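Could you put the whole structure together from the sequences, leaning on the hints where they help?
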Amino acid sequence: MTWLTEWAAYLPQMMSGLGVSLLIAGVSIVAGYPLGLVLSVMVSARNLAVRTLALAVVEIGRGAPALVILYLFYYGLPKFGIAFESITAACLALIWNSAAYSSEIMRAGIQSVGRGQLEASSALGLAQRHTFWRIIMPQGMRSAIPGLMGVAIQMFQGTSLAYAIAVPELMKSAYNIGSQDFNYLQIFALAGLCYAAISMPATWITVFFEKRLARHA
Amino acid sequence: MDALSAVLQGLPMTIVLTLSAFAIGVVGAVPLAVGLSSSNMLIRLASRLFVDLVRGVPIIVWLFLLKFGIQIGTFKFNPVAAAIVGLGVVSTAYLAEIYRGGLQAVPRGQGEAAHALGLTRGTTFYGVMVPQAFRIVSPSIATYLTGLLKDSSIASTIIVAEMVFQSQSFARQHPTVEGILPYILVGILYIVLSLPVAYLSRRLDSRMRKAVYA
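Which chain is which? The protein sequence lines are W and P, in order. Just so we're aligned, residue 0 is where the first sequence starts under numbering that gives the first Met the number 0, counting upward by one. Just so we're aligned, residue 0 is where the second sequence starts under numbering that gives the first Met the number 0, counting upward by one.
Don't read these hints as lab results, they were simulated from the structure. Note that the coordinates shown come from a computational prediction; the quantities given were computed from them, not determined experimentally. Every residue gets a Cβ at the ideal spot worked out from N, C-alpha and C, and that includes glycine. Among these hints, one or two may not hold up.
Partial pick of chain P residues on the chain W-facing surface, computed with a CB cut under 8 Å [unchecked claim]:
no.: 1; residue: N39
no.: 2; residue: I59
no.: 3; residue: V60
no.: 4; residue: G186
Negatives, chain P to chain W, calculated, CB over 10 Å [stated by the list, open to error]:
no.: 5; residue: L10
no.: 6; residue: V15
no.: 7; residue: L41
no.: 8; residue: P78
no.: 9; residue: V105
no.: 10; residue: V129
Pair ranges (Cβ atoms, derived) [stated by the list, open to error]:
no.: 11; chain 1: W; residue 1: A107; chain 2: P; residue 2: L3; range: 17 to 25 Å
no.: 12; chain 1: W; residue 1: T87; chain 2: P; residue 2: G121; range: 51 to 59 Å
no.: 13; chain 1: W; residue 1: Q110; chain 2: P; residue 2: P195; range: 38 to 46 Å
no.: 14; chain 1: P; residue 1: S205; chain 2: W; residue 2: T87; range: 19 to 27 Å
no.: 15; chain 1: P; residue 1: L118; chain 2: W; residue 2: L212; range: 33 to 41 Å
no.: 16; chain 1: P; residue 1: N77; chain 2: W; residue 2: F181; range: 13 to 21 Å
no.: 17; chain 1: W; residue 1: S15; chain 2: P; residue 2: A112; range: 39 to 47 Å
no.: 18; chain 1: P; residue 1: N39; chain 2: W; residue 2: H129; range: 50 to 58 Å
no.: 19; chain 1: P; residue 1: S4; chain 2: W; residue 2: Q110; range: 38 to 46 Å
no.: 20; chain 1: P; residue 1: L3; chain 2: W; residue 2: T87; range: 40 to 48 Å
Written as C-alpha cells, this is what we have:
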C-alpha cells in the first residue's frame, strides 16, 4: 500500500513531463504525416533527382536510430551555427522519423489499391489527377490507417529518447524525482505505467481497426 | 578518419548487445507464443497482458529500471547486463507476437489433415505447423532484428560503450565542425549493418519458397 500512496504523491509531479511527451508526439505526427505523404509521392516521381532525394530522406529516417538523429540535430547542427532548443531538436528528429515511416506505409497503402480501380477510372475517362486524388488516395489511405496508428504509438514511445538531450519530458521528470529520493524502482515503474497507460489502449484500438479492415477487404 | 575509428570501437559492443538480446528473444518467445495461442483463457490473457505491457513501456524505461531500480542484497546490474536483459525481454515480447501471427497464418486444414493422418499433437505442432509458420515469419524476424540493432543504441543512455556512445564521446572531444562527423558515420553504419540481414532474409525466403513449391 505504501507504494500506491507514494505513487499518488509522485504522479502530479510527472504530469507536466507527460504533457511535454504528448506535445512532442503530437507535433511529430501532425507535421510528419503530411511530409510522409509528400515523400511517398516523391519516391515514385519520374525525375531521378527527386526520387533519389526522397529515398535518401526515407532510408536515413528509418535506418538510422532515432537517438542518432536526435543527437545530430541537438549536438551536430550547432557546429554549423544552427542551434535549436532541446525540445525543438527533439520535435525535428521525430518529425523526420515519423515522415519516413509513414511514407512507406502510405506508399504500401497506395500500392495495395487494385489495378482494376485505375483501369476503371481511365475507362471512365477520368483525368489522371482526379483518379489519383479521388479514387486511389482515399482507398490507399484507408488501408494505411492501422499502420499509421502504429507509427503514432511508436512516436509517443520515441519521445522518451528526448531524455538524452535533457528535454523535460516524462522520462526526465521521473529521473529528476528519482535522484532526489533514490526511489528509482518505484519512479521508473510509475513512469513505465504512464507510458503503458497510453500505449496499451492505443495498441488495442489499432488491432481493432486492423481486424475491421481485414473483414471488409 | 579518427571519427570512423572512434565509432568502430563501439561496433563489437553493438553486435554483442544485439545478438545476445536477439538470442534471448528467439528462445524466450517460444513459450510466450504458445501461451498467446493457448486454449486456456487465463493463460492466454496473462500472456497477452505481459506482451502488451512489455511493448507498451519504452526501452529506455526498461533499461533505467534494471540499471538503477533493481537492487537485491548486494546485487546490482552492471550497464551491459542491464542492457542485454532489458533488450532481451523486450525482444521476447515482440518476437512472441510475430510467432503467434505466423502460427495463425498456417491454414487450419494443415492441422486437421495432420490429425486425420493420425499424427500426434507434438508431431503436428513441431513437424507440420512450425516449419510452415517459420517460413511465413522469417522476413518479419529479420525486420525485427534490424530494429533491435537500432534499439541497441539506447544502451548508450546507461553508459554502455557501444557505437553511439563512442560517437558521442568523440564529438565531445571535437567541438569543431569535425564533431558532427561521428553522428553521420554512425547513422550510415547502422544502415550498412542492416543490409546483410535484409539480403539474407530475402535469400532465405526465396530458397524456402522454392523448397515448398518446386
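We went through each hint and held it up to the structure:
Taken as an interface hint, N39 (chain P) does not check out: its beta carbon lies about 21 Å from the nearest beta carbon of chain W, beyond 8 Å. Taking 8 Å as the C-beta cut-off, the interface hint given for I59 (chain P) holds, the closest approach to chain W being about 5 Å. Here the hint on V60 (chain P) is kept, as its CB sits about 5 Å from the closest CB of chain W, short of 8 Å. This hint holds: G186 (chain P) has a C-beta 4 Å from the nearest C-beta of chain W, less than the 8 Å allowed.
Even its closest Cβ contact with chain W, about 14 Å, leaves L10 (chain P) beyond 10 Å, as expected for a residue assigned away from the interface. Under the 10 Å C-beta cut-off, the non-interface status given to V15 (chain P) relative to chain W holds; the minimum distance is some 17 Å. The Cβ of L41 (chain P) lies farther than 10 Å from every Cβ of chain W, with a closest approach of about 19 Å, so its non-interface assignment holds. In this structure P78 (chain P) is separated from chain W by more than 10 Å, as the shortest Cβ-Cβ distance comes to about 14 Å.
V105 (chain P), annotated as away from the interface, keeps every beta carbon of chain W farther than 10 Å; the closest lies near 17 Å. At the 10 Å boundary, the C-beta of V129 (chain P) stays outside the reach of chain W, the nearest C-beta of that chain being 24 Å off. With their beta carbons about 35 Å apart, A107 (chain W) and L3 (chain P) fall outside the hinted range of 17 to 25 Å. Between T87 (chain W) and G121 (chain P) the beta carbons are some 58 Å apart, a value that agrees with the proposed interval 51 to 59 Å.
For Q110 (chain W) paired with P195 (chain P), a C-beta distance near 26 Å fails the hint of 38 to 46 Å. Our hint of 19 to 27 Å for S205 (chain P) and T87 (chain W) is violated, since their Cβ atoms are close to 45 Å apart. At roughly 36 Å, the beta carbons of L118 (chain P) and L212 (chain W) sit within the given window of 33 to 41 Å. A hinted range of 13 to 21 Å holds for the C-beta pair N77 (chain P) and F181 (chain W), which are about 19 Å apart.
About 59 Å separates the C-beta atoms of S15 (chain W) and A112 (chain P), a value inconsistent with the hinted range of 39 to 47 Å. Checked against the hint of 50 to 58 Å, the C-beta distance between N39 (chain P) and H129 (chain W) comes to roughly 54 Å, which is consistent with it. Roughly 42 Å separates the CB atoms of S4 (chain P) and Q110 (chain W), a value that falls within the hinted 38 to 46 Å. Look at L3 (chain P) against T87 (chain W): about 29 Å separates their beta carbons, and that is not inside 40 to 48 Å.
In terms of the numbered hints stated before, the structure departs from hints 1, 11, 13, 14, 17 and 20, listed from lowest to highest.
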